[in-house]
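Given chain A's structure and the hints, the job is docking chains B and C onto it.
Chains as they are written, first to last, in the working numbering: chain A, 1 to 314; chain B, 1 to 274; chain C, 1 to 676.
Don't take each hint at face value.
Stated by the list, open to error - Derived contacts from chain B toward chain A, CB cut-off under 8 Å, selection only: (1) R114; (2) L218; (3) V240; (4) G243; (5) F249; (6) A256.
Because the hints were derived from the structure by calculation, they are not lab data.
Don't be surprised by glycine CBs; every beta carbon is placed ideally from N, CA and C.
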Amino acid sequence: MYYYLYRLVSAFVTLFILSAIVFFGTVILPGDVGRRILGGLASETAVAELNRQLGTDRPVIEQYSSWLGGLLHGDLGTSFSMRVPVGELLAPALLNSAILTLLILVLLLPTAIVGGVLAALLRGRPGDHLITVSAMAATTVPDFVIGILLLLVFSLGLGWFPTSATAPAGSGFLLQLHHLLLPALCMVIGLGGYVLRMVRAGVVVALESDYTRTAFLKGLSPAAVLFRHVLRNGLMSTVAVISSQIGYIFGGLVVIEVIFNYDGIGRLIYVAANQKDFVVLQTGIIIVGSIYFMVSILGDIVHSALDPRTRFKR
Amino acid sequence: MLRLPLPVPLKISPLLMICGGIVLFWAFVSIFGEMIVPHNPLAISVMERLQPPSAKHIFGTDALGRDVLSRVFVGSRSVLFISLAATTIAISWGTIFGLYAGYFPGYLSDVLLRIFEAFMALPVVLLSMVAVVALGPSSITVILVIGILFIPVVAKTVRAVVLGESKRTYVAAARLLPERPLVILVREVLPNISGTIVVEATVRLGYAIFITATLSFLGLGVQPPTPDWGLMIYESFGLVSAGIWWPVFFPALAIASLVISISLIAERIFRNER
Amino acid sequence: MNDEARREPVLRVADLRLAYRVDGELRETIRGLSFQVERGEAYALVGESGCGKSTVAFAAVHYLPDNTVHLGGQILLAGQDIRALSWQQRRLLRKSVVSMVYQNAATALNPTMRIGDQIAEVFLIRGFSRAEACLGAEDALRKVRISDVGKVLQSYPQQLSGGMQQRVVIAMAISASPELIILDEPTTGLDATVEAEILELLENLRQELKVALLFISHNLAVVAQLCDRVGTLYAGRMVEEGSTSSLLFNPHHPYTASLLRCLPKRGADKWTEVLTTIEGLPPKPGSILTGCVFAGRCTLVKPECRKGHPEAIVVGQGQKSWCIRAAEVPAMAFERPKQAPPADQKAPPLPPVIEVRNLSKSYGHGPNKVQILSDVSFAIRHQEVLGIVGESGSGKSTLAKVIVGLEPADPGSALMLMGRPMARLLEQRDPAQAGAIQMVFQDPSDSLNPKHKVKTILSRTATKALRLTASDAKQRTFEVAKSVKLDPSHVEYYPGALSGGLRQRVAIGRAIAGKPQFVVCDEPTSALDVSVQAAILNLLVDLQRHEGLSFIFVSHDLDVVRYISDRIMVLYFGRVMEIGPAEAVFSGPHHPYTEALLSAAAHLERKEVSKNRVRLRGEPPTHRFPPGGCVFHTRCPRKLGNICEEKAPPRQIGGNGHEIACHIPVNQLGRTADAR
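So that you can see chain A by itself, here it is in the shape it has in the complex (with noise of 0.2 Å):
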């Protein structure tokens, strides 16, 4: 119990470290707001102007301090290019996202983790070779790519699905699904490299510890000491990783959004970024902090609600 509660002080803590370097990050250095927004030609007087309305004619601790405070009383500020309340943004946009990272959930936790117990059982041999390597290329590609190719094939060459994410206005579930899916799987393959090769290691540690020796000397069948005693234990540190791999996840979600033209955080924070809308950047960006940390504490609450080992330290 001590231990969440000193996670969540130090949670804070460190997105309280995260919004001052995001903050000063992109306010200070180049100095003028207005001028950036408006451009070179724009007159002074009217980059004074805009200065004066979005507050940026202040000291940058005074700015600093009040969105900070604004943020802390559930006030996230107004947009300085779309001037409209930046929940109204965020909150459409998150729940958007939040759909297509369950849907990448559904598809990419049962073949990760077949996956990865196949490649285990198999250790050594080709086959674990073959799932193991491929698992790797899949991680290390970077997601646009594979959303290049995916949509190359699968859209243009095939035309098995659309290449925009967003179904038209009052589409069906399935309809929604057959958008979402090429988005998904470009997601699943990419990250889904990753937990497998998570899965693996967790499974291979647990086949060869001496337990499972134990277990195999009972006489017990070999599905028995898979399913009681390898999975039970190999399985549990994958919890904690895909907890963790949240922020990659958000960081995917940028681009595949850009690619596939759906309107989520990611796209958000991209168009505020190129628009260079400082309140919706900095807040998006703090939002996401956020729900990394969440999520991560979350995960491990999960993982030690599971895990004998992490309650009883002798």
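Chains B and C only, in chain A's frame:
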């Protein structure tokens, strides 16, 4: 019986040979680029816009009539240069910070770790996007941003092995001699973690290429008209829906071949280390 | 099962030859091994590491690594050829004919499954109902003398102590109602008092259940207590076999004889007996051996020993030796040990080399504070060896680290070197003082930097500590190599290329290269085979005599400590129970804890362990809830009453600086009958 201090020679498998060959190939074309490509990668030719692959233009031409093959070959330069430079920054500083935080636990190390953790809470793609927007896109920016963002990752890895090594009793024996802490770090600990650093450098190089290409693809890296794989895809991506696949497909293939080769080599070195 | 099968031995190994395939080449590890275990018999296989004894154990249940290659021979388990069976038939054998007990109980149990479920599983696969399985698990735990059955059933393995974990593994093994239990080093790594309990339990279970045991061990003393017959294994071959008493007291093979004489005898010390060592190294797996496997290291070797494997010679009732000179072995074995020269003339009185007063060490703060060491005081004179004994958790290794300053003692602790106070932390001592104390660690593969050559390691110390020039340091390197009995060629090697014994010599060489005033040896022989241990002990005695070295020798092995030490300190739960001259501590009167330790320690000269053993109650205390008064009161067999719980015991000073911390008057404290 005599054991050499060199790492055990790598077992060369056919796969490893292919990967090594691909990496060497890209290194070669990135150095000799313009001298060996059939066309000037910057030469615009309105007459030859969007030619599909043919005998003259094996990879076809892009929207400005530039030869895709020549651009892909010469385009290896920016990505390799940026990622190598970024990796160098990350490995050197990451090693220094990692050695420090691993061997001198205390207040300063805790602060360092907390800052590293903050950096690592966000995907590198996202953070570098913010940084590049703030600083303005250029090769130097990308090098600095990736280099700096990878420092925490390298430092954490190095710190973990240093922590492990410093619990070993050969370090205790050196303390008893008594050796000064800096001497212990450099003379005793560093040789024992060099393998980890080599593996980490290779893995980082792969990811640096990953991020460099991604930033270029988002229009935040190398700027036109420099030939660059990510940028080429960014420029021609809009044409894909019209069925024009070659200006996008070949650079994508080039990226995939390079990162896969590097990471498989990294994997092999890693397995060898253990 | 028919009558014919009943007459079959429960395990018969016939001319077994096994090899491991490594990098495409076959490395033979079992080179034609035959033996059998009769029904109800306890048979021991003994030998040093690498002789193939664990391979035999796992071959018997057909659980071997994938790269094992069967070269010939067979294994008959309850009359059935284990290799000829299908895997289902093998499962049947594992379910009800053979079960195993492993060296490391902590890892042999599934960490995510409750003890009750793990034991019940054995009953479930034998076709019992869930209710019957639960009752069976309870009953099995009772059979292994676990008192709090209900609680243990609900526990996870990591909540139990090492001894309890091993009991659970044994409970699991007997739940199969097997005809044979294979025990692979079941007490290695356990404390002596726990080991004695496990051995006693096994002895009782054997009588109750009439089960046969195949006991694999490197420890002859442990085997002596439990087994009917013993086979000595060397390089994958049987070299001698016979009944326990005849083989251990009348060995007829040079290897068995040498192994026995490597061990310090109960009560023996360094001035009366030089330990026998076995020169050289065992043959590597896969090396081609045409003659007797031991020929390369045998002192009786003759040219004909190298021609063909020797045939078995019957040397007594049921005792066989595979040595052509078996008849000459008893003479060799009973040759009087070389009388070690007595100690040098006592040096003029100097201040103690090291003096420690009121030393304490704790970790953590506030409610998390744990006190590892409390109020430890002692002094070590010039050229003196202080042995520190204690079981795991006694704080003996922490004490070693605190003295050398690797970890700082608590404020208020006083440490003095040659009468001058020292800072508590190494880095705060002045360099001369820091360099004057060196340490030898338990595991030489960890304490030598694998990336430095031996000569670099030795000369670096010489240059740093003695401020030598490069050429003088080189000179010193060879000097040191010579005094730790390393071959001059060894200095060009990396530690990884040396055997464990040679590495430990390098580590000792490094410790003495800078001519320190004092060396702390923390379990320096615990990771080594007994023959190598003997060589290291001889070396340390040599250094004490010829180089005037004073040192602390930390160990859990009583006989080793008795052999090497001039004085002995007994630690329990971070407190000094007793300190005094080695002879006095052993012969008594001693502290009740020392008495329990002495009576628990397995040794060759005593077979019946269970008769007069001093038993400790309960489990060791935890640092979170330290006992008040005398820390030993929770387990003390001679607890007086409330005074032990409330008042810290006085340090009773006997003759010759023998101090005992106990409320019982010295003249009423016990003496262990068989300790000399």
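Next item on the list: List, from low to high, the hint numbers that the structure doesn't satisfy.
Entry: none
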